[in-house]
Amino acid sequence: MKRTLEFSHQLPRRTERPGVECLARTTVRIEDPERRLAARQALPNLQLLGQATEGFRAEPFPLRLEQLLAEPSAEDAPLEVSIPAQVQSWLERRAPVTWNRLCSSAHVLQRGEAFRIARTGGVLEIDYRPEGASNSRRLRCPLLELASALSGGVVPGLSSTVKRKDLIQEAELLVREVLRSRWVTRRLPPGIAWGPEDGAFYLRHSAGVRLREVPSERQPELPGALLLDLDEHVQAFELNVDPHDELPLDVLRGALPWLLDLGGDDGELFLDPSGRAPR
Amino acid sequence: MSSASTLFLGFDPSGRAHLISALEERPDGALGREGARARVMLLPGLSRLANDDFRGRRINLGTLLAPDPAPDVDRSPVDLLGDLGSHLADLPELGAPGRPQDFRIPLNVRFLGPVAPELSPLIPAPGGGFFELDIAPVRLPRSARGGLLCTFADLGGPWLTSMDEPDSQVAGTFALLGEAGVAGLRPAPNSFLEAWVLRSPDQGGCGLDSAGAEPVLAELRTLLARLLGNGPTDSAPAEAPAEAPAEAPAGGPAEGGPQSATARVSRTRSREGWDWCFERRTADRTASLTFPAARVTDSALARLKRAGATPLVPWWLLLFEQDANGGTQLSEVFSARPYLARHPELWSSGAGTPLAISVPPDGVAEGVADAPTGAEDA
Numbered sequence: 002m003k004r005t006l007e008f009s010h011q012l013p014r015r016t017e018r019p020g021v022e023c024l025a026r027t028t029v030r031i032e033d034p035e036r037r038l039a040a041r042q043a044l045p046n047l048q049l050l051g052q053a054t055e056g057f058r059a060e061p062f063p064l065r066l067e068q069l070l071a072e073p074s075a076e077d078a079p080l081e082v083s084i085p086a087q088v089q090s091w092l093e094r095r096a097p098v099t100w101n102r103l104c105s106s107a108h109v110l111q112r113g114e115a116f117r118i119a120r121t122g123g124v125l126e127i128d129y130r131p132e133g134a135s136n137s138r139r140l141r142c143p144l145l146e147l148a149s150a151l152s153g154g155v156v157p158g159l160s161s162t163v164k165r166k167d168l169i170q171e172a173e174l175l176v177r178e179v180l181r182s183r184w185v186t187r188r189l190p191p192g193i194a195w196g197p198e199d200g201a202f203y204l205r206h207s208a209g210v211r212l213r214e215v216p217s218e219r220q221p222e223l224p225g226a227l228l229l230d231l232d233e234h235v236q237a238f239e240l241n242v243d244p245h246d247e248l249p250l251d252v253l254r255g256a257l258p259w260l261l262d263l264g265g266d267d268g269e270l271f272l273d274p275s276g277r278a279p280r
Numbered sequence: 037m038s039s040a041s042t043l044f045l046g047f048d049p050s051g052r053a054h055l056i057s058a059l060e061e062r063p064d065g066a067l068g069r070e071g072a073r074a075r076v077m078l079l080p081g082l083s084r085l086a087n088d089d090f091r092g093r094r095i096n097l098g099t100l101l102a103p104d105p106a107p108d109v110d111r112s113p114v115d116l117l118g119d120l121g122s123h124l125a126d127l128p129e130l131g132a133p134g135r136p137q138d139f140r141i142p143l144n145v146r147f148l149g150p151v152a153p154e155l156s157p158l159i160p161a162p163g164g165g166f167f168e169l170d171i172a173p174v175r176l177p178r179s180a181r182g183g184l185l186c187t188f189a190d191l192g193g194p195w196l197t198s199m200d201e202p203d204s205q206v207a208g209t210f211a212l213l214g215e216a217g218v219a220g221l222r223p224a225p226n227s228f229l230e231a232w233v234l235r236s237p238d239q240g241g242c243g244l245d246s247a248g249a250e251p252v253l254a255e256l257r258t259l260l261a262r263l264l265g266n267g268p269t270d271s272a273p274a275e276a277p278a279e280a281p282a283e284a285p286a287g288g289p290a291e292g293g294p295q296s297a298t299a300r301v302s303r304t305r306s307r308e309g310w311d312w313c314f315e316r317r318t319a320d321r322t323a324s325l326t327f328p329a330a331r332v333t334d335s336a337l338a339r340l341k342r343a344g345a346t347p348l349v350p351w352w353l354l355l356f357e358q359d360a361n362g363g364t365q366l367s368e369v370f371s372a373r374p375y376l377a378r379h380p381e382l383w384s385s386g387a388g389t390p391l392a393i394s395v396p397p398d399g400v401a402e403g404v405a406d407a408p409t410g411a412e413d414a
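Protein chains in written order, with our numbering: chain Y, 2 to 280; chain P, 37 to 414.
None of these hints come from the bench; they were simulated from the model.
For every residue, glycine included, the Cβ atom is placed at its ideal position computed from N, Cα and C.
Careful: at least some of the hints might be erroneous.
[What the hints assert, rightly or not] Some chain Y residues well away from chain P (every beta-carbon gap over 10 Å; in silico):
1. 17
2. 164
3. 182
[As the list claims (entries may be wrong)] Covered stretches of chain Y, as calculated for chain P (at least 3 residues, CB under 8 Å):
4. 184-192
5. 196-204
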């Protein structure tokens, strides 16, 4: 008999009840192919799947977990836990007892395909978790790394070569807004001007910094690099976004404005392959 | 869905392009207040523009063209249009199939003026594609001639240009309005009154030197302004002699002594419009100048004066229409932007013969009261 504890995409909730770390919305699925039995939720009295309540209930953890782990008979497979990445991350940080119990006695698998974009101590991490996987794959994206640096107020490569602080600030604003308008909004904001004659973006109130896009050689429909021209210094930012990479463009579009608006703080974002919050 | 943007350009007397308005037509009915094809007007010179830009962002053409309008004055039309287009039109989505240099972003350019600007139909857009310009004039109804008045001091002072092939009655009216200082206009550099006052007597002029001309000119312009907004315009019979001339003793300071001079301005209704007669009479001779101009209705004049006192609404459309007798008359003055939004048949491409304009009776009052809320649906 195969038993699966499935977590909803909704985040768990902390509680003060004794012996209960949190309330999580879950459902239990029990399948017994030999006896052609399938049911949801109603342990210990199995109901036919069609009669059982669909959907998720708020369950007190880890009480519910202990009950589930105690019930199986010897021939049963280990409990499978199907859990969305954002719930997993929440449990790891805020319900460590439950999380450790899950990891030690159940088979934890990813529910739904998800991308995790996290900024921790100024360092960007991008993880990919395929549906049903038990671990994640680390991805790299120079474009998001640039956005992460900008959100911390840093323009990579400039602090050592350019002395004028005001120019660095202007460069940060220009690169940030051009990234946002090219990838997300598809329109320039009022403060950014476009010079069709030299193909450069610049700040409307100041012409000291100019930014040009260079098409990617591998993927000509995407920019491969940005060239920032300031104070007789040209700084190149490699973007190298590859649509055949594991990071879909929609995820990139979803993560970019979030990163740019992070303002240097740490944070974590989960997106499905269409760039939306997993549901 | 993409949206189509239309930019309206006016050209000042020195041929520089100015953005009068931008209209955005949206095919998505869900977001427009008035249902499908809502138009969002983006107005230069105001602080708040699009009320409900569908990405939730406000586009501020005021800062787009300003904060200091001076730099824009020297931008080439290509530079200005490319810049405006990248704020008003949807740029191609990154990663969309196809080569970026093949992307075409349609942009309608409608100009208010007699000559088409010489523009390349393709202007580089961000990302390697091009804005594809559809350039056409704003076509007034066949019976109408028009002019464009800018009253925004920051754009180099008030000025007035013709929108059509030059018509002597219309051009004369522009010159006359400039001499009279209506709507804050200044006399054209080649002021006809000044030329007449300075011209030698044997060529029909007054023969004054430039120092002596100044008070005489001021006197004539004051009389002209007084008469221009005075008296019935349509009740006078066609062949009536001088009606209600304005007259004043004008000193001849250059000559000095007891010799005195009289300035006189009068108008006669001619077949086409008005003949304005300027006279300067001294003891020994009389110099006179007849100047043809279109008739000006009192209501249009009142609106023009109000337009001059409305700095927030800088663009005005002057409509000259043929009356039943074949004469020309300045009959309507509109705030150009709401008028253009209300009459897409004047500027949308592919339309047939322009229809006759139906003028809302309160059209101009609405224009003057054009509050800077920024957006208006057609």
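Exercise. Where does the structure disagree with the numbered hints, that is, which hint numbers, in rising order?
Worked result: 3
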